[in-house]
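Q: The chain contents come next:
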Amino acid sequence: MSILSLQNISKKFGAVQALSGVSFDVPQGAVYGILGPNGSGKTTLLGIVTDVLKADTGSFMLFDQAAAARQRRQIGTLLETPNFYHYLSGYRNLEIAAAIKQRDKNDIARVLEICGLTARQHAAFKTYSLGMKQRLAIASVLLGDPEVLILDEPTNGLDPAGIAEVRELVRNLAGAGKTIILASHLLDEVEKVCTHVAILRNGKLLRSGSVDVVISRHDYLELAAVNNEALKSALLAYPGCTSVQLNGNVVVAVFNASPEPAQVNSYLAQQGIWLQHLQLRKKSLEKAFLEITNDPA
Amino acid sequence: MKQLLYTEWLKVKNYRTFWIMLLVAVIMIPAGNYVPADIMSSRELNQAAKMLGQSPFGFPTVWQTVANISSYMTALFGLMLIILVTNEYTFRTSRQNIIDGWERRQFVYAKLIWVLLLSVIALVVAILTAVVIGFAYGNNAISLEGFSYLWYYWLQLVLALSLALLLAVLLKRAGFAMAIFLGYTMMLEQTLVLLLKRYVGPVGGLLPLQAGDELLPFPLVGKMVAASGDRYDDSIYLLFLVGYIALVIYLVFRKVLKSDL
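Keeping their order, the protein sequence lines are chains A and B.
In this text, residue positions in the first sequence follow full-length UniProt numbering: the first is 1, and each later residue adds one.
In this text, residue positions in the second sequence follow full-length UniProt numbering: the first is 1, and each later residue adds one.
Just chain A, same shape as in the assembly:
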């Protein structure tokens, strides 16, 4: 079953094309990252899915059904900012959320505890710090223990300890088999938890699918020898080596599959090149992401 299925969604704000022809599927149990720089259309996309924005063209389904309020009630959603009644306490705000979601209000104490707001639950929302507001929004998402969560920049406004807690929470939820749609521009946030990813830039979907496929990050080798020029020529002749670059005192060699350092070493020795330095390195997610989003195609 697809939790969310998008077909050809487009949306314009005045002259700005916020989304153009976006389609992808979120399978059940996935932790689906929606990645993209600021202004790439992540929140607009989630706004359409939650019916606060209207798509110009295209359609989408939730739980393989036409999307309606009944489906939204099964999803815990934090979109953009925490939206609460300023004059009411955290607890009373959650009472309203529970009433609309048709969830048991006995669950409020549990979610407040998870989000560390129990002590301040009876203070008015307007007295909360930015981080506490965000925590209350996360508490509201967790109400009734939904099977699907949509989290738009969930660590916004949190201090480092809070960020770590939210990541831990997301990991635990993912471990419990929940489907999570996580929009973020923080790559390590996505790297640590996501199974799938969709990458947006200027409203266009650049790639989508499972993380390993979308962001191919073959390991590469860093090498050095007395004669780096000879080393470069020898590496270029090695089967599977796609590029070689001299980077300061080291040669960076990229392969079309993960290289086996011992084999490369042995090959170079046969060529009469003795290495002073050999290290297997992993391409950073940032680098892979920038390669994708900067690609003019």
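Please note that a few of the clues may not be correct.
[Unchecked claim] The calculated DSSO-like cross-link candidates involving lysine-lysine, where the alpha carbons are at most 30 Å apart (straight line), are: (1) A:Lys204 <-> B:Lys2; (2) A:Lys105 <-> B:Lys13; (3) B:Lys197 <-> A:Lys126; (4) B:Lys197 <-> A:Lys12; (5) A:Lys105 <-> A:Lys204; (6) B:Lys2 <-> A:Lys126; (7) B:Lys13 <-> A:Lys204; (8) B:Lys258 <-> A:Lys12; (9) B:Lys197 <-> A:Lys54; (10) B:Lys13 <-> A:Lys178; (11) B:Lys13 <-> B:Lys2; (12) B:Lys172 <-> A:Lys12; (13) B:Lys2 <-> A:Lys54; (14) A:Lys54 <-> B:Lys258; (15) A:Lys204 <-> A:Lys12; (16) A:Lys54 <-> B:Lys172; (17) B:Lys2 <-> A:Lys105; (18) A:Lys192 <-> A:Lys126.
[Said to hold, decoys possible] A few chain A residues that don't get close to chain B, going by computed Cβ distances all over 10 Å: (19) Gly29; (20) Val193; (21) Arg207; (22) Ala237.
Don't read these hints as lab results, they were simulated from the structure.
Just so you know, even glycine gets a beta-carbon here, dropped at the ideal spot from N, CA and C.
Mind docking chain B on chain A? Use the hints.
A: This is chain B only, laid out in the frame that chain A set:
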């Protein structure tokens, strides 16, 4: 519907501004009727009224009198509604309510509940006020003749509150919506009515709130105006009043259902 009502109740239960405004709005109806009732029931004016054949504060005319006077006190209910609705936009809970699982039309229903509740509260207070004043300042036994004026009053309230709702969903900001609402209901429409009546004809009486006013003349003055013959039949004003309510509510639905929140 019960669930919508319960949720709206949770929103106002601990909202002090709302309760204070409601208290003031409710007190204004008996207070606003008591002052003219007391002044006009002084001996001399009472004599004058008797010569005209009826006392405006005795049964059955008191229904019409109270409906007429109370119709000047509608603005505060309108402002309450504007606050309740624009709050949702200020706090962006208009979005959150939908995200959490209301249909957009349920959001409109929830606000229409307030139109109904506030107008019924005002109607009930006006009825009680008329009963008390009728007994206190009149000499006749209670009679329901002319009670229909209170229904006209109620319809005019529903229209005024629907207009407040429309302004709130269109403008989204409390100050802006309140300024336009007060400006229109208190002066702008009256000016238009006057100009239209002077230069075009009785069609000026068909503007939204004026249609209600035409149905709610002050008892003695109304007779004189009606005698001049320069107006439509009551049924025309009633038709327009109901038509305006339907149109305004339709526009509210259209705005909320179609646009981005």
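Q: Give me the numbers of the hints this structure contradicts, sorted from smallest to largest.
A: Numbers 1, 3, 4, 5, 7, 9, 10 and 18 - these are the hints that the structure violates, sorted from lowest upward.
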